[in-house]
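Protein sequence lines, in the order shown, are assigned to chains A and B. Position 73, counted from 1, in the first sequence is what this note's numbering calls 73; the numbers after and before it change by one each time, with no gaps. Position 138, counted from 1, in the second sequence is what this note's numbering calls 138; the numbers after and before it change by one each time, with no gaps.
These aren't lab readings, by the way, just hints derived from the structure by calculation. A portion of the hints provided could be inaccurate.
Subject to a maximum C-alpha distance of 20 Å in a straight line, what follows is the list of computed SDA-like cross-link-like pairs (lysine to any residue) [what the hints assert, rightly or not]:
id, chain 1, residue 1, chain 2, residue 2
1, B, K4, A, A212
2, B, K4, A, G216
3, A, K262, A, A47
4, B, K4, A, K160
5, B, K9, A, N260
6, B, K179, A, D207
7, B, K43, B, S28
8, A, K160, A, P149
9, B, K179, A, L21
10, B, K4, A, W220
11, B, K9, A, P149
12, A, K262, A, L146
13, B, K179, A, G216
On the chain B side, residues computed to face chain A include the following (Cβ under 10 Å) [said to hold, decoys possible]:
id, residue
14, V33
15, M152
16, G224
17, L234
Quick reminder that beta carbons are idealized off the backbone N, C-alpha and C, glycines included.
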Amino acid sequence: MATAPNATTPADWTWNPRALLRRYASGDEIAHLITLICAGSILLLTAMLVYQLWIHSLESRQKFGWSFFFTSVWDPVFSHFGALTFIYGTLLTSALALLLAVPLGVGAAIYLAELAPRRLSDSLTFVSDMLAAVPSVIYGLLGMFLLVPIMRTTIQPWLKASLGFLPLFQGPMFGTGFLTAGIVLAVMIVPYILSVSREVLLAVPRDLREAALGLGATRWEMTWRVVLPAARVGIFGSVFLALARALGETMAVTMVIGNNPKISASLFSSGYSIAAVLANEFSEATGNLYLSALIELGLVLFLVTFVLNGFARLLIVVTTARGTTTGHA
Amino acid sequence: MNAKLIWRKSLNVFMLSLTGLCALLTVSALFVVLGFLIYHGGKDLSWNFFTRLPVPVGETGGGMANAMLGSLKLVFLAALFGVPIGVLGGVYLAEFGGNTVPFLIRYTADLLNGAPSIVIGIFAYTVVVIRFHFSTLAGGFALGVMVIPTVMRNTESFLRDVPRSLREGSFALGANRWKMVATVVVPAARQGILTGVLLALARVAGETAPLLFTAFGNAFWSPGWSQPTAALPLVIYTYALGPYEEWHELAWAGGLVLLAMVLLTNIVVRGFLSRGAQVERS
C-alpha cells in the first residue's frame, strides 16, 4: 500500500478552538479514545502479566536467587527448589523437535514455493494450517496411545541396535521420554515453519531465480545457492517462532515425556519440562514457597518465549510483510 | 554428457524429490491424526455421550454433556470479554493510530499471541483464582486474554484491505471519521472480522493448559459462573491419563468431537466466509 490509509484530512490539524470543539462534538475524538483504550489494553495486560508473576514469585526469588537455575533438586517436602532438570528437559526436547522439524518444514516449504503448481501449493498449505489448528491435547492423545507403543516396540530397539554405542541411545526403553516428546513437538511445529518459510520463499524476487537459471544452474542449484540464501533471515525467523512454540508447549509434552525429574544423556530416559511441571503440580502446590517457585518457572518461560518471539518477528519483518508490519506484501 | 553434468542433474532430481517427500510427510500427518481419531473415537460416540454426565468407573453409558456445556460457557465468556476489546483495538490500529503507538501495540499483541498458554493460565490464577476460587469466570478470563491479540490483529488486517476509494467516497459525502469507520469500513470488512473472531474462538476452544488451574474441572454440572467447571479438553486430558480402559475410549471419543468442532469451524470459516481474503496465520 503506497500511502497510509489513516492519513488525516487537512482540517483535522488546524489548532483553532472552534475546529477542536467541532471535532469533539462530532465524536471523532471520543471514538479515538475508546478504541485507543481497547488497543492499549494489550500493553496493560502484558505489563500486568509480568508484574503479577514477578510479585508472586518474590518468595522463591529471595530464597534461592540465581542458584534456582543451577540446582537440580526439586523437593516440595523439604522446600528446596531448583529448576535445572526442567530447564534441561525443555531445552532438550525443543532442540530435538527443531532438529527434526526444520529440515522437514523447510524442505516442504521449498516444494510448495518452488515446484508445486499454485493450486496444489495452496491446498497443501491449507492442510498444514489445519494441522496447526489441531488442539495440543489431541497431539498428546495420539502421542500416548499411538506413538509411545511404536517407540517402545520398534523405534527405540532399532535405534539401540544400530546406534547403541552412543550414550544418547542407551538405557531402558519405556516408550515415553525425551525422544518421544521431541517427535511429538516436531509434528506440532512443522506447520509453523512451513507456512512462514513458504511465504518468505515466495517473497524472493523472480529476477534472482531467472538470473540463476540463465547462468545455467539447475533448479536445485538455483534454490540452494540463490533462493535460500536470499530468504535465510526470514527462515531463521520462522525457526525461532517455532522454537518459542516448542518451549512453551504444555499438554502434548506432559503426556509423553514421562514426568520424572532427572537429567540424563539418554534420549530414551524419561524427563520433565518446565511447562509439564507447571501443568502437573500447580494446582496441588501446598505452601507459598512451592507456589512461588512454580510461578518463577512460569515467569522464566514467559520471558524466554517473549524474547525469542520478539527476535523472530524482527527477522521476519525484514524479509516479508508478515510479522508485525502494517500492510500486505 | 560429461560426468559432472550427470551428477548435477541427478542431484537436482534427487533433492527436489526429497522436498516433495517432505511435503507429503507433513501433509499426511493430518490424515493420520484424523484417521486414528475416527477409528478409535467413532465407535464410542452415542446419544448418551452427548447428553449424560460421566459415570463412575465400571458403569457403562457415561457421557461428557457437562464438559461440552462447560466448554461452551467458557468460550462464550472469552468471546464476551475478548471480542469487543479485540475488534475495537483493531479499529484503532487500522483507522485511528499514528505511527509509534500502534507499532508498539501491534508488536506486543504478536508477542502476547505467542506466549505459552500455560503462562496465561498462571496469570489468570494470580488475578482471579487467588481472590475468588476456581471457576468458570476464571477460565473464561484466561481464554479471553488469549482471544484479544488474535482478534485485534485479524481485525486490523481486514480493515486495511478495505479499498481507499470507499473511505474517500464516504469523506466526500461529508461523513466524519468515526461515521466513516462505523458505517462504511467496518461493514465492508464484516466477513473478514467475523472470520478472525471465529478462528480465534476455535483456537481457544481447544486449549487445555490455561484451564488446568482456572476452570479446574468438575465431574458434575456446574451451575452459574462461579464454580469449577468441566471443559472438553480438560476431560480428554484427565481421561487419557487415567488408568481405566473405559476412560481411554471416552477420551478418544471426546477428542474426535473436539477435533471435529475445531476443524469444521476452520474449514467453513476459511473456505466460505473469507473467500479470497488472506487470513493471518500465526
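Checklist entry - Honestly, which of those hints from before does the structure not fit? => result Result: hints 3, 4, 5, 6, 7, 11, 12, 13 and 16 break, sorted rising.
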